[in-house]
Amino acid sequence: MSVTRRFVLRAAGALVGGAVALSAFAAHAEDTIKVGILHSLSGTMAISETTLKDVMLMLIDEQNKKGGLLGKKLEPVVVDPASNWPLFAEKARELISKDKVAVVFGCWTSVSRKSVLPVFKELDNILFYPVQYEGEESERNVFYTGAAPNQQAIPAVDYLMSADGGSVKRWVLEGTDYVYPRTTNKILEAYLKSKGVAPEDIMINYTPFGFSDWQTEVTKIKAFGSAGKKTAVVSTINGDANVPFYKELGNQGIKATDIPVVAFSVGEEELAGLDAKPLVGHLAAWNYFQTIDTPENKAEIEKWRAFTKNPKRTFNDPMEAHYIGFNMWVKAVEKAGTTDPDKVIDAMIGVAVPNLTGGIATMMPNHHITKPVYIGEIQSNGLINTVWQTPGTVVAQEWSPYLEGSRDLISDWRHPMNCGNFNVKTGKCGG
Amino acid sequence: MMPLPRLDRLGVAFLIITIGAAALAPILALVVPHDSAFAMPPYVVALLGKYMCYAILAVALDLVWGYCGILSLGHSAFFALGGYAMGMYLMRQIGARGVYANPVLPDFMVFLNWKELPVAWWGFHSFAYASLMVMLVPGLLAFAFGWFAFRSRVTGVYLSIITQAMTYALKLAFFRNDFGFGGNNGLTDFKDILGFNVQSDATRAALFSLSALALALSYLISRAIVVSKYGKAVIAIRDAESRVRFLGYRVENYKLFIFVVSAVMAGVAGALYVPQVGIINPSEFDPGNSIEAVIWVAVGGRGTLVGAALGAVAVNFAKTYFTGVFPEYWLYALGGLFVLVTLFLPKGLIGLLNLRRPARPTPPTPTPTPSLAQQEEGAR
Amino acid sequence: MPLARLVAVLFFLCCTTVARADAVDDALAKFFDDKFPRTEQAINELAATGAANAPAILDALGDNRLLIDQADHIIVYKTTGDDLINAKTGEKLDGVDAGAFKKVRINNALRSAIEAAMGALTLANPDPQKRAGAAEAVFETRDASALKALEAQLSHESDPHVAELLRQARAAIVVLDSKTPTADRVAAVATLKARGDQDSQSLIDQVANQSDDPAVKAAALDAKAAIKAHLAWLSVLQNLIYGISAASVLLLAAIGLAITFGVMGVINMAHGEMVMLGAYTTFVVQSALPPSLLQWSLAVALPLAFLVSAIVGVAIERLVIRFLYGRPLETLLATWGVSLILQQAVRSLFGANNRQVSAPNFMSGSFDWAGLQITTGRLWIVALAILVFVALQLALRATPFGLRMRAVTQNRRMAAAMGISTGRIDMLAFALGSGVAGVAGVALSQIDNVSPNLGQGYIIDSFMVVVLGGVGNLWGTLLGATVLGVANKLLEPVIGAVLGKILLLVFIILFIQKRPRGLFALKGRAVEA
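Residue numbers (my numbering), protein chains in the order written: chain A, 78 to 508; chain B, 126 to 505; chain C, 7 to 535.
Looking at chain A on its own, in the form it has when it is part of the complex (with noise of 0.2 Å):
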């Protein structure tokens, strides 16, 4: 071994000072507040998660040009966790250690904010969820602002079992294999079986993410449809494989008007990529719609348009979900006097503002907002004509009562229940 002292030496100093390297990597607070920005811009996800990252720099912008918060300008900071979900956890950690965000607007996977959810419980810091999801979940440090499954799956079965939506007896549950479509499927199968439905009646299907070749699966709804009852799919496929999913069924001529498909997780924006003429009729349930018309609604679209400079761009459900939820941050601060996010999280709870679409959206003690619910019909020129609406707004169950394990829980974050998981039926908190 030839080696000398001062190359011993060396290797320490070269590992002391990367140490102190990568402690410098942690920057210090400025005087503005900071609001953290975790959407993927890159990988898989970027097709859906890149609009979210500009809404939410166009509501600081507002926020800004309104004199900022508690007379402080807002700081947006932007990074990028690629669609991978170690990175979203990392990528979490960054902004609220390093960056000290005072909240974090993000995620769109429910295994993204799986990923991220005990970064936030760690460090104490707030997350705005926009997207719908499986429910199943309620936590201290997490504001669910999209649809849990019975604000929109089961207001979309309620409808098309009813006579204007055209008395369905049988259904498909056509879903991507992951844990959102799982869930909603399990809780429809059992709400359908509630409506008196057979089990004969329910074909449940389930295909790989990203899948592109739908000849088969469409041929086999075709099959089951035929049946003599009249027939539903309801479509719990993931974004990407939509596309070729909806260019399958208009190959295959399956008419809205033969089997209806109702989607939730298609709207505007994602048939912005097809040839909705043989789509006309089909369905999708949402609690926004860009075709919903009301003067906020205008107003907010053309400030949209206006920021990004293009007078088509479209605006979507995930977007009015952070619309709603940045605002309601905004008030909540404003209420507590301090954006220290314990401080805010119970300032939070009872927090209103006015959805685009109308009505208000109020944060509950489970951290989910009210919504309204939405069904729309395709239109040959690609935009969503609302058909159904519910009366009023419907209060998110976070613990569905069709779920065998759930259905003793609820959640309550106010004091002194604080919990998200109480189960009323062993009067304890932690399920």
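These are calculated hints, taken from the structure and not from any lab test. A virtual CB, placed ideally from N, CA and C, is assigned to each residue, including glycine. Do not take every clue at face value.
[What the hints assert, rightly or not] Have a look at the derived ranges for each label pair, beta carbon to beta carbon:
#, chain 1, residue 1, chain 2, residue 2, range
1, A, P431, C, D39, 26 to 32 Å
2, B, A162, A, I281, 54 to 60 Å
3, B, V229, A, P276, 26 to 32 Å
4, A, K505, B, A443, 46 to 52 Å
5, B, R368, C, A527, 19 to 25 Å
6, A, A376, B, V229, 51 to 57 Å
7, A, A275, C, P296, 51 to 57 Å
8, C, D374, B, V229, 50 to 56 Å
9, C, A196, A, A275, 29 to 35 Å
10, A, I281, B, W247, 26 to 32 Å
11, B, K240, A, P276, 14 to 20 Å
12, C, K185, A, P276, 34 to 40 Å
13, A, A275, B, V229, 29 to 35 Å
14, B, K240, C, Q135, 53 to 59 Å
Given chain A, work out where chains B and C should sit, using these hints.
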């Protein structure tokens, strides 16, 4: 015990740095006051711990690729399997603290109405059993895979592609919810490991130190193998497989041994990785991850072990840095880095060190590639 | 006959004109409420009047072209040529702003009502295609009220195809009607049996379950068995067709890779991005062409996509891969970097969202061929795949360039010694492989998302095809793609898409053990690379 292998200066420096970091980190993270310039924030501890795990994976990959010429694009599978074994242990540790308070079943099984624990999950409440599985599962998979592939003399690109097929198939399988490992969401929301809270600063520092020590150990083991007589045969296989076979060596046995050792190391890396990042899900099986790991090795310097570890840390640091600073453009930087390194630094970052000291004998060079060597053989 | 018909028409006209004044007005008035139940009444009443412009109005309603002005109580419809016609008077309105009107809203239930009403209304249409469509509509809705019109039309139908459809529609109605004489119902079952598709199967199922007439029941049970056997056969054939279609996609995506991989041993990880570039070229061509030329957009896009991808390919070869000869595995790393850069470049240029690429009319929809469903777009892709394959075979077998390329593939050093400029051949081969990938991109733009991730979805499958087929022989690629595509589609209905894919991957791993060089391995000493 195994005698300490012959080390070069680079190796000694490497061991000093890793073992030193393992010893120093807990002090910097826990003892030094938080406002001191030398304090290591928990965020950095977690990050460095992750880098260490990647470095172990890189060393493992360098052992098969740099020294045996097996370009495995399936090492992410071994890494992820080790991670899943550890994740299953951590899931079982949650016990009744899950949201549904089911003492046996993990949460994802409860709300999908699973009634009992699948057989594959049995025994994972024990740390010892889980640790065994961390090494056994990747090891056995590598053994079975290698047994067939090396015996059938599948080499070069064909081997790379079928290792890729293997990890891709596993990824698809783990994505299936029916497979019983949590589907796309994977395993998450861990509470504690061996009774220690996984989120506490002390546990983090300990996990980092363990990972750094594991890195040092993987280096020592790999180094011991490659400088031994056995290792010489392995390097010979890399350079001219047919010639070695004609000389009477059982090439497939050498390859199999190296492949299995490397897979076990990757599994250990995965097991250390999971408690530190807090999640394991099927995207860890992605063939793209394997390719990225190969790139770490190439960036650091193939066939040098130290270089592989260096490459893993450097590339991942660059990724952390760029995704935070240029969120819109970081892929250009990363992609450009890969292209430039392969073009201008065929010996990687370690090659730069050697350039400054041309007097020293160069470490084993990765070229010529098997294909050229064999073409020569064919022409002869 | 013509006389009788004339009399009937005259009678029809005179009576309807009498009815028209109030019945049509009453019906139309209901549209002004713009409430779904009222609109449905309006549709049914309008159809019952049999007014001459009823089909046009209903058609417009179904297409969202029926407009109302609630204040002035005017109802108009827009023709496909953008003229506004007053629905009451049939006058063309000039100089009226369509923006002042409101569309009458409809939903699926109303669309069904319109379809049923149109079926009855258009059964006597002079256009045989319209009549056929009407008969099909009646078959589906089983609208018993259309029976009279159906039988009237059937009695003098001249087109045999339409007559057959009319008979089937009639059979669908009478077969469930217990008041119909037995013989007629048995005949109806036979008609449905001859039709033999899923719709007739479900009808016959109902008959077999409900009928209390033993003769009808026996006929139904017999027909049920026959249709079941027939459908089982069809479904196998159908899956085979799907398999061929899947194989054609695989072949297109993989064949370019087979060339670069075969000739140069280069693992081009950016191959998928060449495909993506082809798809984006199609998008650019479609947005640049005037709408009138949209039918030709793909024909324009094909050569352009080939060029774009080929040029990018040459750039990659000259700037990166050229320096890595002798280190083929390292090209994998560099091209991976290139693929990241290309993806991000496209994302920066076009945005992360999907881009819309529409299909020309002749490529959309599907047709029925002996009971098999064939998608027109997919058929074109199969044709394109065959064309590309044949063209490449010709290029390799019948041109001097192909000869040199094969020489380089088989023995690079020998080829160089014979005076072939291997560097040039490499460049051209890479251009060719990349260009073909671009062509594949045009095809994929028709069936998949045009997004920056497009290529990623195909790269692994392409490698599998090439490895299974073996290097250096395009027949191997063809066979590999066919085996994988067909096996995938035959497995999918049985065990599901995911398990099917996993099984195939395991099969490939095992197959390579048996034949480490793929199906068509090059023989000879020099190729042991």
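Verification of the hints:
1. A:P431 to C:D39: 26 to 32 Å: The hinted range 26 to 32 Å holds for A:P431 and C:D39, with Cβ atoms some 30 Å apart.
2. B:A162 to A:I281: 54 to 60 Å: Distance hint for B:A162, A:I281 holds at roughly 59 Å.
3. B:V229 to A:P276: 26 to 32 Å: 28 Å, holds
4. A:K505 to B:A443: 46 to 52 Å: For A:K505 and B:A443 the Cβ distance comes to about 48 Å; the hint holds.
5. B:R368 to C:A527: 19 to 25 Å: 22 Å, holds
6. A:A376 to B:V229: 51 to 57 Å: For A:A376 and B:V229 the Cβ distance comes to about 54 Å; the hint holds.
7. A:A275 to C:P296: 51 to 57 Å: Given a distance of about 54 Å, which is inside 51 to 57 Å, the answer is holds.
8. C:D374 to B:V229: 50 to 56 Å: 54 Å, holds
9. C:A196 to A:A275: 29 to 35 Å: 31 Å, holds
10. A:I281 to B:W247: 26 to 32 Å: 28 Å, holds
11. B:K240 to A:P276: 14 to 20 Å: Check passed, 18 Å falls within 14 to 20 Å.
12. C:K185 to A:P276: 34 to 40 Å: Given range 34 to 40 Å: holds, Cβ gap about 35 Å.
13. A:A275 to B:V229: 29 to 35 Å: 33 Å, holds
14. B:K240 to C:Q135: 53 to 59 Å: 57 Å, holds
The structure is consistent with each of the numbered hints, conforming to all of them.
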